[in-house]
Amino acid sequence: MPDRLAVRKTYKLYIAGAFPRSESGRSYPVTDPKGRFLANASHASRKDARDAVVAARKAFPGWSGRTPYNRGQILYRIAEMLEGRRDQFTDELRHTGASKNTAAAEVDAAVDRWVWYAGWADKLDAVAGAANPVSGPFFNFSTPEPTGVVAAIAPDSPLLGLVSVLAPVIVSGNTTVVVASEPAPLPAITLAEVLATSDLPGGVVNLLTGHRTELAPWLAAHMDVNAIDLTGALPEHVQDLEDKAAGNLKRVLRPAGDWSEEPGTARLTAFLETKTVWHPVGI
Amino acid sequence: MTVFDYAPAPESRSVVDIRGSYGLFVDGEFTGGHGEPFKTINPADESVLAEVACADEADVDRAVRAARTAYDKVWGPMPGAERAKYLYRIARIVQERSRELAVLESIDNGKPIRESRDVDVPLVAAWFFYYAGWADKLRHAGFGPDPRPVGVAGQVIPWNFPLLMLAWKIAPALACGNTVVLKPAETTPLTALLFADICRQAELPPGVVNIVTGAGDTGAALVAHPGIDKVAFTGSTDVGRQIARTLAGTRKRLTLELGGKAANIVYQDAALDQAVEGIVNGIFFNQGHVCCAGSRLLVQESVAGEVLERLKARMATLRVGDPLDKNTDVGAINSAAQLARIRELSDAGEAEGAERWSPPCELPSQGFWFAPTVFTGVAQSHRIAREEIFGPVLSVLTFRTPEEAVTKANNTPYGLSAGIWTEKGSQILWTAQRLRAGVVWANTFNKFDPASPFGGYKESGFGREGGRHGLEAYLNA
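Protein sequence lines, in the order shown, are assigned to chains S and U.
Counted the way our numbering counts, the first sequence spans residues 1 to 283.
Counted the way our numbering counts, the second sequence spans residues 1 to 477.
The following block holds chain U by itself, in its conformation from the complex:
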């Protein structure tokens, strides 16, 4: 360590008690599963964290039945004001146990503690607080005078924001009077199971929230179960398509929040240092494991050289390493499979002729790691400009006119998010109006809030989460 290096600043693991094995959470109880149990590992060092039960079709059926009974007997008939109080209780417990949740999230997912502590967990609490307040105000939400819950919701969430995606799904569903069966991702089940414990602590009636752990088969069994009324899915566009096909002709409701390939547009008059911070936040936040990540940088030609120079200088200061170190900016890639995909696409970028650059950066020898990477000389036809990489890999393209920027930005089957950097307000609004994307960040990036609708156009899915709009998926008006 030289004089100017940071000293290690590790967060303590002692606030979390990780058990050797975990069961499913069905009807208010932790129970075994009949599928083959699986292990969840710490992606930062590949150590086994716990063995987790796997739900087979019969287990999923049991969970759906528990949810149906709770819906019919308890949660559906309950006055909204009472449901609200349960959600407020959950929100408070999340705040009280925030350190524990953040540490466990970082251990299981690989994301830096700085992000799980400052972004994920505070947003989880905020989501429950926000939707708690809707529970007794649904008649005023604009979905008719007597909106009714849909029934039992089957929810499948990804591994990039395990706890936050759980909150996005469960909070509005419960506020509207639905009960849920949720399947977390197989690589990140632990915080969902800790959330189950929070439900017990809040004395939430049994069966209102059920958590079934497992991989794709468990999710498929849940989606196809005839006893659910609504499916909410966040994940890849390919799986979203499969789910839409499974649900064809069934009358089950569906919302999908799928992939993205966001354009982050930097105009020549942008405040460049702020833009560079935004570019870094856009693609290296959460190791780039973000569906709305700004993975395509579109920079106006006249400032492209300068932006790249400043970007590379900034990237050289990113600290990659131990997710539990409070100084870490970029943590571990979530799984070996994801690391392989990032490598494959990056190699394809080089093979197709783009120029690859990463800052000098020593990666840990154990675990799954990928250095922050930027590709220049990228053409729109390159795979790295078209396919979602879901990793810390930025593709840089240039443009000359605003029209060209918009055309290139919209040249994708996705339409989840976009960024605009310019000091000119009218140019922001002009550009924002023309971008076919559900979320547009102007002079900022990757901001989320429960009061704010989020969701995609085109093949990034349909439906919105957050805000009043987020209630619609869970109500029959």
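Bound conformation, chain S alone:
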């Protein structure tokens, strides 16, 4: 007989800065690799996905309108909060089967990667923008801008993979709907708790747990989603998802990547537009 009965956590969704249950009332059991019950996770529905897109769209003008310095500050704040929950994330990763050292190393890598991306906020314009020497009496410059609402199917690397997908999308001012790893969704909701307490405006990140095969097609076909990251999509679904994404000519980032590797800038630039502004020069 234990001295004390544990208080179990109820895992929910993260939409518009709040933690609602799925409107469908469904949940699914999450187990460790040995099949032992860990917790119930919300099983998001199509309606939840649509609500999340609405929240992301609503948050877009405010988030993209912040100064890059401010976005960088908020992302760095998230890294601070991640670091503060280091032990909790390590525990959660151990439940997915990682050894203590591996789990701790992955948490460290995730925090460091978040810090790396946070620093990009106020440097993207310098690296991805240009002053163009056109042959005429014009001043002409190109600046990168966020593409809008980005849907992301996160890979099954429960923390490092999730962070690697999420940070480059939002650091430039995009807002997002992320479908967490289906077999290992719990660190994602803990990450959402970090986001909710990090000055990140509600709706910038919306996190869904549930079945990728149920949620991804609706996000790929959604006419108010501007881009989709298929990193965690199953290979057999990629063709269908790309086909659906063609409906409104979404930008598509195809599955690729080993999460232990150093990230380049490809994930940042995949969700940027380039705007070129011309003005005559004269007196």
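Treat each hint with caution, since some may be false.
List of simulated lysine-lysine pairs, DSSO-like, C-alpha gap at most 27 Å [to be verified]:
1) U/K326 to U/K447
2) U/K326 to S/K123
3) U/K408 to S/K58
4) S/K34 to S/K100
5) U/K447 to U/K424
Since the hints were derived computationally from the structure, they do not count as laboratory data.
Chain S is already provided as a structure; the job is to place chain U on it using the hints.
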């Protein structure tokens, strides 16, 4: 002719030798095609210019194989500095043969010689010069220390700027070390075939540039061919969608430059005569056959009456007619099909309650012609405010506040371009930041330059052409 009329000032056709029939350009040779040959006509008088071979799937396959061999054996391994010299050669020959190219472009397309001579062909030369210089500097372009070419590019281009779109596609592809199979539009294939001759004159290795002529089936065969690594398309949003679907799951790279419905915003403090010139240039340049045309005029209510008055006065001076006349401002509509579409949408504008106006203007009896047209009293829900017309048809809407202007401007699935007219710098930047469009012209319109990235947001496509950004589509970083 009255005393004050312009005398005709026709450019001579004698600089161009149009052959009776043309073949495909595959592996450095002109060859026949196995599809049904088609005729290209002069849209200004409907006369047949030439019969052109049509590539079927087997011909496309032959072209892709030639491009692959050239990529593997010659062009891919070649040092960038050598590739650069070929591109510089092409640029020089384009300059040397500029008169010939301009006249042929105007004959086949219907655009005024003033534009093909002063805009299209000089830009074509500039594009090759610009990208020639990148060929040996790719490591410095910001796409990693060892960017590699993608391989064989399949490129499909439209009829509105036949030669310029060819240059936009071929110059960066070749600079990066790719080889290409390009399909020009079926109504305007002649300058692409003249370009093939320029490639031979430059002694470009066989197979580096291949040109397959034909219509939609030829383009579809090219896009679907398993031997190509990258597709670049400029054209309608509907076809762009089909191509994206064709490529779903294939890992082929894709860039799309699609339609637009640009807002040209005139604030009350704009220099109105300059704004009117910009409005005219925005929608009547190239008969409005421009994906980034300023087809929605958003004018601040307080100056709407005055702007319209000046605009109508200016439109009355536009000279519509013979594309080869050096005084012509507005040439012929490219094809009967396009003319039918412009008529259909204009009729829909009237049927939906907008008020239509054109200057008094006598149109030639032969050929495809449409008078410059302006619609007032247009609502955002009207088809003429929502759909791309691709003709000399301007829809006028009004606004009261800058916020309203931005909201209306962004109220479209397209996002290619926009215009802003105001004397206040901070207002330009405020507006430009809020417009969801890839190119914003402030106090100017329809300017292009190879050093300057061009491309759309939203359903106007993805990827950029021009500048350093334009290299990305053709490199594996």
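**Q.** Restraint status (C-alpha distance of U/K408 to S/K58 at most 27 Å)
**A.** With Cα atoms ~18 Å apart, U/K408 and S/K58 stay inside 27 Å; holds.
Q: Below or equal to 27 Å on CA atoms is what counts here, so check S/K34 against S/K100.
A: Holds. S/K34 to S/K100 sits at ~16 Å (cutoff 27 Å).
Q. Within 27 Å, alpha carbon to alpha carbon, are U/K326 and S/K123?
A. 49 Å, violated
Q. Does U/K447 lie within 27 Å of U/K326 when you go C-alpha to C-alpha?
A. Answer holds: U/K326 to U/K447 is near 21 Å, not above 27 Å.
Q) Does U/K424 lie within 27 Å of U/K447 when you go C-alpha to C-alpha? A) The given pair, whose Cα atoms are some 21 Å apart, holds under the 27 Å limit.
Consistency with the previously given hints fails for number 2 only.
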